[in-house]
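Those protein sequences? They're chains Y and A, same order as listed.
Convert by adding 1344 to the 1-based position in the first sequence; the result is the number in the numbering used here.
Convert by adding 1344 to the 1-based position in the second sequence; the result is the number in the numbering used here.
Bear in mind the hints are in silico, worked out from the structure with no lab data behind them.
For clarity, every value in this text was computed on a predicted model and none was experimentally measured.
Heads up, a few of these hints could be off.
As the list claims (entries may be wrong) - Only pairs whose alpha carbons sit at most 20 Å apart, straight line, appear in this in silico SDA-like list of lysine to any residue:
{"no.": "1", "chain 1": "A", "residue 1": "Lys1468", "chain 2": "Y", "residue 2": "Lys1383"}
{"no.": "2", "chain 1": "Y", "residue 1": "Lys1395", "chain 2": "A", "residue 2": "Asn1483"}
{"no.": "3", "chain 1": "Y", "residue 1": "Lys1397", "chain 2": "A", "residue 2": "Met1474"}
{"no.": "4", "chain 1": "A", "residue 1": "Lys1440", "chain 2": "Y", "residue 2": "Val1465"}
{"no.": "5", "chain 1": "Y", "residue 1": "Lys1468", "chain 2": "A", "residue 2": "Val1496"}
{"no.": "6", "chain 1": "A", "residue 1": "Lys1440", "chain 2": "Y", "residue 2": "Leu1453"}
{"no.": "7", "chain 1": "Y", "residue 1": "Lys1395", "chain 2": "A", "residue 2": "Lys1395"}
{"no.": "8", "chain 1": "Y", "residue 1": "Lys1383", "chain 2": "Y", "residue 2": "Gly1407"}
{"no.": "9", "chain 1": "A", "residue 1": "Lys1395", "chain 2": "Y", "residue 2": "Arg1516"}
{"no.": "10", "chain 1": "A", "residue 1": "Lys1468", "chain 2": "Y", "residue 2": "Leu1473"}
{"no.": "11", "chain 1": "A", "residue 1": "Lys1397", "chain 2": "Y", "residue 2": "Gln1479"}
{"no.": "12", "chain 1": "A", "residue 1": "Lys1395", "chain 2": "Y", "residue 2": "Val1465"}
{"no.": "13", "chain 1": "A", "residue 1": "Lys1397", "chain 2": "Y", "residue 2": "Arg1481"}
{"no.": "14", "chain 1": "Y", "residue 1": "Lys1468", "chain 2": "A", "residue 2": "Leu1473"}
{"no.": "15", "chain 1": "A", "residue 1": "Lys1468", "chain 2": "Y", "residue 2": "Gly1396"}
There are 2 protein chains.
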Amino acid sequence: MDNLKDILNFDSNAKPTSFKKGTIIQRAGEITSLAYYVKKGLLRSYTIDDKGKEHVFMFASEGWIIADLESQEFNRPTELFIDCIENSEILIFDRKSVVNLNLSNEQLLDYNRLLTRRIAVLQKRVIMLMSASAQNRYNFFLEMYPDIPNRVPQRMIASYLGITPQALSTIRAKIVKKYSS
Amino acid sequence: MDNLKDILNFDSNAKPTSFKKGTIIQRAGEITSLAYYVKKGLLRSYTIDDKGKEHVFMFASEGWIIADLESQEFNRPTELFIDCIENSEILIFDRKSVVNLNLSNEQLLDYNRLLTRRIAVLQKRVIMLMSASAQNRYNFFLEMYPDIPNRVPQRMIASYLGITPQALSTIRAKIVKKYSS
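Looking at chain Y on its own, in the form it has when it is part of the complex (with noise of 0.2 Å):
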């Protein structure tokens, strides 16, 4: 993430600003094209369903970047929330002005493999949605979010798996059985 920084650098406009733990940054049904570069703290995206029903998208901890691209791609109001899971500092930017910037090809090409391990793990994200088991799903979060699981409350973490908080509590038991027997 160290060369994205460097690109961001490049933007003049980029500024680091604190917010609370439990302060939205954005809301469902606007229309932005702010990306936020997570300096300090941990934030969230999720969307909420018809039915009232959060369903967390992403977390982002220190070093990650967040935003609504699909909002920004196709031009939609955004469909997903973004707050803070702790007091964070962030670096927000315009993601139509990395555009503009004068970049370097190497530059270019980091932002580019930047995007393409993006794709890669949303596309992960999706097989294991539809074809992995609830312990398979958690195992992944771990691997992907190492440093995350401690920091989150357990009912969000359900809800990024997609399962209920008592099946993420049955998981986890059977994961202290294991080791400790």
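Once you've looked at the hints, dock chain A against the given chain Y.
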């Protein structure tokens, strides 16, 4: 996609190949950096779960590219099979070679834009899988792939949506009823 075609034309190694309907051109377990640009025809990527059940990850008709970026980015064996739903003409290229091409800034920005669109589509897919009704997922599928429903067996569409063929049949019957009443 035209810009991407221009980009690919820079790769002198790219060659069109014909495949018969039913041919499997990539198998799960392989390590590969190949990607497939569809000149004519229709490809599908899918995974097979522990119970032997198929799950369609995506379809690719004329102008689309299909590949397993996840396996390529993280150097893991691919989880995806790719096969031909119709007789197809495919431009096979090595994703790695794109990085080595002497692309202009403008071409790299085009390529980045293409990757960003893919992220946007995958984001929507994840959100739909987590939070949308089967009916809404089908509507989005029709919007996303307008040329495909009549070219693909219903069971594959059901698999893409993560529902049973019976459930898809019920949804389609409701739509017919809505427009005929």
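Now the hints, each set against the structure:
1. A:Lys1468 x Y:Lys1383: violated, 26 Å
2. Y:Lys1395 x A:Asn1483: holds, 19 Å
3. Y:Lys1397 x A:Met1474: This hinted pair holds, its Cα atoms lying about 11 Å apart.
4. A:Lys1440 x Y:Val1465: holds, 18 Å
5. Y:Lys1468 x A:Val1496: violated, 24 Å
6. A:Lys1440 x Y:Leu1453: Measuring from Cα to Cα gives roughly 12 Å; hence the hint holds.
7. Y:Lys1395 x A:Lys1395: With a Cα-Cα distance of about 32 Å, the restraint between lysine 1395 of chain Y and lysine 1395 of chain A is violated, given a limit of 20 Å.
8. Y:Lys1383 x Y:Gly1407: Holds - the C-alpha atoms of glycine 1407 of chain Y and lysine 1383 of chain Y are around 6 Å apart, at most 20 Å.
9. A:Lys1395 x Y:Arg1516: violated, 24 Å
10. A:Lys1468 x Y:Leu1473: holds, 13 Å
11. A:Lys1397 x Y:Gln1479: Measuring from Cα to Cα gives roughly 18 Å; hence the hint holds.
12. A:Lys1395 x Y:Val1465: With a Cα-Cα distance of about 24 Å, the restraint between lysine 1395 of chain A and valine 1465 of chain Y is violated, given a limit of 20 Å.
13. A:Lys1397 x Y:Arg1481: holds, 17 Å
14. Y:Lys1468 x A:Leu1473: holds, 13 Å
15. A:Lys1468 x Y:Gly1396: holds, 18 Å
The structure fails to meet hints 1, 5, 7, 9 and 12 from the earlier list, while all remaining hints are met.
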